[in-house]
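2 protein chains.
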Amino acid sequence: MIDFTQLFASLAGLMGIVMGLANIPQALKIYKRRSAKDVSLLTYSILSFGYFVLLLYSVLLHNIALIVINLFGFLGVGLVLSGIIRYEKKGVRHWGI
Amino acid sequence: MIDFTQLFASLAGLMGIVMGLANIPQALKIYKRRSAKDVSLLTYSILSFGYFVLLLYSVLLHNIALIVINLFGFLGVGLVLSGIIRYEKKGVRHWGI
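Chains L and W, in that order, give the protein sequences.
Sequence positions in the first sequence follow our numbering and run 1 to 97.
Sequence positions in the second sequence follow our numbering and run 1 to 97.
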């Protein structure tokens with residue numbers, strides 16, 4: 001018999017890794033196009049700060065799995081954020097978001 | 001005396017909510033500019049699927065706090081994804097990402 005809760009627990013952990021790595025295509029797109037006009041600076045500033053706090057918490061817990069997940073997430077959103085800051089001047093920014 | 005682990009546990013929970021809501025400025029930006037050229041379809045497809053799995057897991061656990069966090073996250077990235085699909089034709093997409 002399949003234990004659904006156990007299955008979903010593993011799946012949820014896997015999603016943590018996959019969702020952190022998901023930022024890489026966004027970063028690649030910005031560096032490839034040399035433009036980040038439509039990407040939100042506010043969104044990626046908040047995400048970078050969030051992953052940084054989660055990374056500190058993982059280190060505090062000495063939980064290697066969480067450290068790896070949040071490190072990949074932090075590096076991914078950090079790359080996107082650097083891309084936005086680097087190519088921001090290429091386009092007109094609206095709303096400040 | 002401050003209990004750092006307890007403090008960071010609360011802070012990590014708060015980051016879960018904040019990082020879900022962080023997608024809203026990205027969605028607003030796309031709808032305001034009517035353009036999503038620089039935003040990655042692949043990134044937001046993965047994030048939507050990820051939040052959907054996490055939402056199912058939260059429902060399975062009957063954990064209201066997790067349900068709320070992941071529901072906001074799912075709605076946020078879902079809004080961005082709809083924006084990308086809606087305004088995709090406005091610009092040339094590169095790389096398919």
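No lab work stands behind these hints, which were simulated from the structure alone.
Beta carbons: idealized from backbone N, C-alpha and C, even for Gly.
Hints may be right or wrong, so weigh each one.
Claimed, not checked - Across the chosen pairs, the derived CB separations fall in these ranges:
(1) L:85 to W:60: 38 to 48 Å
(2) W:4 to L:3: 18 to 28 Å
(3) W:5 to L:2: 13 to 23 Å
(4) W:32 to L:67: 32 to 42 Å
What the hints assert, rightly or not - Reference excerpt, derived from the structure (chain W facing chain L, CB under 7 Å, subset only):
(5) 3
(6) 6
(7) 10
(8) 22
(9) 31
(10) 47
(11) 52
(12) 55
(13) 60
(14) 65
(15) 67
Now for the hints, and whether the structure bears them out:
no. : hint                     : result
1   : L:85 to W:60: 38 to 48 Å : holds (40 Å)
2   : W:4 to L:3: 18 to 28 Å   : violated (35 Å)
3   : W:5 to L:2: 13 to 23 Å   : violated (35 Å)
4   : W:32 to L:67: 32 to 42 Å : holds (37 Å)
5   : 3                        : violated (11 Å)
6   : 6                        : violated (10 Å)
7   : 10                       : violated (10 Å)
8   : 22                       : holds (4 Å)
9   : 31                       : violated (11 Å)
10  : 47                       : holds (5 Å)
11  : 52                       : violated (9 Å)
12  : 55                       : violated (10 Å)
13  : 60                       : holds (5 Å)
14  : 65                       : violated (15 Å)
15  : 67                       : violated (13 Å)
Checked against the numbered hints above, the structure breaks hints 2, 3, 5, 6, 7, 9, 11, 12, 14 and 15 and satisfies the rest.
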